[in-house]
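Got chain P; can you put chain Y on it based on the hints?
Number of protein chains: 2
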Amino acid sequence: MKTFQPWHQYPLISKQLKKVNQCIMDTIQTSYADLQNALLAMADNGGKYLRPSMLILAGKASMPEKETSTTIIQLASSIEVLHMATLIHDDIIDDSDRRRGKISIQARFGKDIAVYAGDLLFTHFFDLMLKATDNHQYLVKNAQTMHAVLNGELGQMDERFNMKQTFNDYLADVKGKTAALFKLAAEEGAFFSGASADRISALASFGENIGIAFQIIDDILDYTGGTKLNKPVLEDLVTGVYSLPLLVALQDEAANEKLVPLLAKKREMTKDDIKAVQTIILNSSAIDKSRQLAKKYTDQAIAALMTLPESSARTILIKMTDQLLTRRI
Amino acid sequence: MKTFQPWHQYPLISKQLKKVNQCIMDTIQTSYADLQNALLAMADNGGKYLRPSMLILAGKASMPEKETSTTIIQLASSIEVLHMATLIHDDIIDDSDRRRGKISIQARFGKDIAVYAGDLLFTHFFDLMLKATDNHQYLVKNAQTMHAVLNGELGQMDERFNMKQTFNDYLADVKGKTAALFKLAAEEGAFFSGASADRISALASFGENIGIAFQIIDDILDYTGGTKLNKPVLEDLVTGVYSLPLLVALQDEAANEKLVPLLAKKREMTKDDIKAVQTIILNSSAIDKSRQLAKKYTDQAIAALMTLPESSARTILIKMTDQLLTRRI
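Protein sequence lines correspond, in order, to chains P and Y.
Quick note on our numbering: the first sequence kicks off at 137 and runs consecutively.
Quick note on our numbering: the second sequence kicks off at 137 and runs consecutively.
Extracted from the complex, chain P is given alone in its bound form:
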């Protein structure tokens, strides 16, 4: 099987993404040979390298004349490794069999190994970060970001089956579990390229806004995307995680009346019940309204980019943002 090479996607940074890939492959180290191979395969295969791409492009967009440094490569790698660690642990929670088109670590090695495998990658995240920089302010920012990610995940767990959840509760969790890492990537890319405070803060704002939009679209696709890759549809709903489309539908009186008795069954919902919830949402204006909200965040992301000088990197970032709104998988 041909290895998927994410760096083909963005020729402007293909050389750099290749280095990121090499850096990650060189970093992963465990005495458990089978697991080592599985982690290397996961790192090498199917990842879109979205976060590393964003970090490198943020560097180039904020300082178009600057060469990408080794520090930037190591930080981009650290963020992808942190992302991989959270994916492995998420798959335990979600009981997912597939990840990036391959059998997941938890399905192949069991949940026990998957717990430690994720932990191992957390340690590699810190290795890489400490190799990249001794800037204390940014080391602290990294620790805070990891905390925000976990706290977002835990906040979401705490809200399970809560029909009274507000949009602000949802947004707080999304800012943590998804947007914090995008924000860090874009901000670090700018800071470690030596950009001015204004540009760093523009990139941070871009990262956070695109991260929120990314998660909203992900949650929309959970309801609309029957063909969504690598993830069983509506798994969130089954486990009591009520994402934006459902929360919006619950605001609609007619939809609410039909949804409440179904949701009240909680874990006892049958496949037909779940299908019914999906149909109610698709027949309401919830998907449209959710998409409008995602657009609000991509608009803000683009507005932040527009404060930067014109450059090829900025053009790609704008294109990535636009594509986000129309992605179907």
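Please keep in mind that the hints were generated in silico from the structure rather than gathered at the bench.
A couple of the hints might just be wrong.
DMTMM-like cross-link-like pairs, simulated, lysine to aspartate or glutamate; straight-line CA separation at most 25 angstroms [unchecked claim]:
1. 311(Y) - 393(Y)
2. 247(P) - 233(Y)
3. 267(Y) - 270(P)
Coordinates of chain Y only, in the frame set by chain P:
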């Protein structure tokens, strides 16, 4: 119920351990209120604070005139939080219902929450470490220690059901999963008290050796300690983790002959099979030989301490080391 106060155990450092306790309580932060309370209870209740004690005492033993600094308190707290994180994840692997005399996080909240709860504490470990110091060499040492712990756990998983496992394989895993953290604690205590290179290395050696002895005794108690608290007896054996007493018994021809057909059943071993394995080991010289080996490591730990000047802290560390050999729970 009266809260267990570990700092009563060592009057010389009771004030400092109280501060460690406060520092940990102030650090744990999540928006999931029930989990927050459970983590605070875990931090406050039943922990022996063995590693923080060792760190603080290592500081005092290496620099008897020096007051314990805030840095030392924060590092001692960081090591206990890292230890808590590994305990929470270990309980997922072992399916343990009890921890520190209370219901475990995984039994109370489910494995899903426990995965994230351990991850959350990993982030607090880094928070505290970065709050304590910007010494890059020691930040890297912390990341390496976390890597050693995980790699030791994974090495052990990789060796499951392997009857050909050597003592060196066992030792390598123990050095990682248990001794690395003791070594770091003792070494950091000395370094951050401003001790000389000789004393730092003596304390590092003390920490590693006592850590190895600690794990050997733990593994002996798994076979001998029918009354062992908070942990089902022989759970390691059931999951295919062959610890020192079993590996030693397998070296004995007569015991080997009886053990091999039982162990060959792997996960299919019945309760009677497990009891039979235990009886074979108790009737062999394996426990004695394992205990002799533990003594070799506590002797080395004490030899390292004897290179330090006489002090009350050194006296306590020697006493702790002696007690280790005779502990029954």
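25 angstroms limit on alpha-carbon distance, applied to hinted pair residue 311(Y) and residue 393(Y): The hint is violated at about 30 angstroms.
Pair hint residue 247(P) and residue 233(Y), alpha-carbon separation not exceeding 25 angstroms: 17 angstroms, holds
Pairwise hint evaluation, residue 270(P) against residue 267(Y), where the allowed Cα distance is 25 angstroms at most: 14 angstroms, holds
Checked against the numbered hints given earlier, this structure breaks only hint 1.
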